[in-house]
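Each residue of the sequence shown is one higher than the last, beginning at 0 in the working numbering.
Mixed in with the good hints, there may be bad ones.
With beta-carbon atoms standing in for the labels, derived distance ranges [to be verified]: (1) L15 / M135: 31 to 41 Å; (2) S134 / L74: 32 to 42 Å; (3) Q25 / I78: 38 to 48 Å; (4) K11 / S121: 10 to 20 Å; (5) S22 / R133: 37 to 47 Å.
Straight-line distance between alpha carbons at most 20 Å, and here's what the computed DMTMM-like set of lysine to aspartate or glutamate pairs gives [said to hold, decoys possible]: (6) K11 / E23; (7) K29 / E45; (8) K101 / E23; (9) K11 / E45.
The hints are simulated quantities; they were obtained by calculation from the structure and are not laboratory data. Don't be surprised by glycine CBs; every beta carbon is placed ideally from N, CA and C.
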Amino acid sequence: MLGVAHAVITVKGTHLASHRALSESQVWGKFWTTFFIEVCSSFSAEAGVHGHIKMHHAHTNVIGLGDSSIWKVSLLLRIIYLFIAPLALPVITPLVAFAHLKGRALVLVIRTVLMVGLGLYSQLWLHINVSGFRSMHSALFCMLACRAMFSVPYIHVNIFQ
Numbered sequence: 000m001l002g003v004a005h006a007v008i009t010v011k012g013t014h015l016a017s018h019r020a021l022s023e024s025q026v027w028g029k030f031w032t033t034f035f036i037e038v039c040s041s042f043s044a045e046a047g048v049h050g051h052i053k054m055h056h057a058h059t060n061v062i063g064l065g066d067s068s069i070w071k072v073s074l075l076l077r078i079i080y081l082f083i084a085p086l087a088l089p090v091i092t093p094l095v096a097f098a099h100l101k102g103r104a105l106v107l108v109i110r111t112v113l114m115v116g117l118g119l120y121s122q123l124w125l126h127i128n129v130s131g132f133r134s135m136h137s138a139l140f141c142m143l144a145c146r147a148m149f150s151v152p153y154i155h156v157n158i159f160q
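Sequences and hints are given; from them, build the entire structure.
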């Protein structure tokens with residue numbers, strides 16, 4: 000249930016926020032974009048919006064452009080690419096987000112690092128204090144499992160490209 004709840008919040012919230020569909024106000028739109036993409040999904044809001052709006056929608060289903068130029072890891076076997084590699088996405092995602100911050104304004108870098116940290120800490124805190132996990136390790140494992148649960152459909156885009 001935790002994985003389903005996390006996926007619904009992050010996938011739907013992030014998608015709607017990246018299109019600025021959650022509010023007509025620009026200020027609230029930016030707030031929701033930062034909240035869903037950085038806090039809930041552990042990614043840079045600017046890089047996420049750029050990747051989704053400029054790359055995905057602009058080049059959907061064009062081989063070699065958009066998603067197929069960004070996410071494909073051709074050196075992996077198909078079975079590993081589809082079913083094992085996605086399990087590493089909760090760990091890889093913040094690292095990729097931080098890599099996208101090179102050359103950005105210091106304020107943006109600090110905000111992204113703080114928001115990603117807040118999201119990870121908040122989820123871990125909820126697992127320990129609300130869900131009743133007794134150890135930090137089991138709570139961390141559950142958090143990573145919840146975040147990885149629906150990563151398989153996320154990475155499927157490029158299997159035939």
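Cβ-Cβ distance between S22 and R133: within 37 to 47 Å?
holds (40 Å)
Is K11 within 20 Å of E23, Cα to Cα?
holds (18 Å)
Given the proposed pairing of K29 with E45, does the C-alpha separation stay at or below 20 Å?
holds (10 Å)
For a C-alpha distance cap of 20 Å, please report whether K11 and E45 respect it.
Within the cut-off at roughly 17 Å; holds.
Is the distance from the Cβ of L15 to the Cβ of M135 consistent with 31 to 41 Å?
holds (33 Å)
Tell me if the beta carbons of Q25 and I78 are separated by a distance inside 38 to 48 Å.
holds (45 Å)
Does the Cβ-Cβ separation between K11 and S121 fall within 10 to 20 Å?
holds (19 Å)
Determine whether the Cβ-Cβ distance between S134 and L74 falls within the hinted range of 32 to 42 Å.
Because 36 Å falls inside the window, the suggested range holds.
Check whether the Cα positions of K101 and E23 lie no farther apart than 20 Å.
Given that 20 Å is the threshold and the Cα spacing comes to 31 Å, the pair is violated.
Taken one by one, the earlier hints fail for this structure only at number 8.
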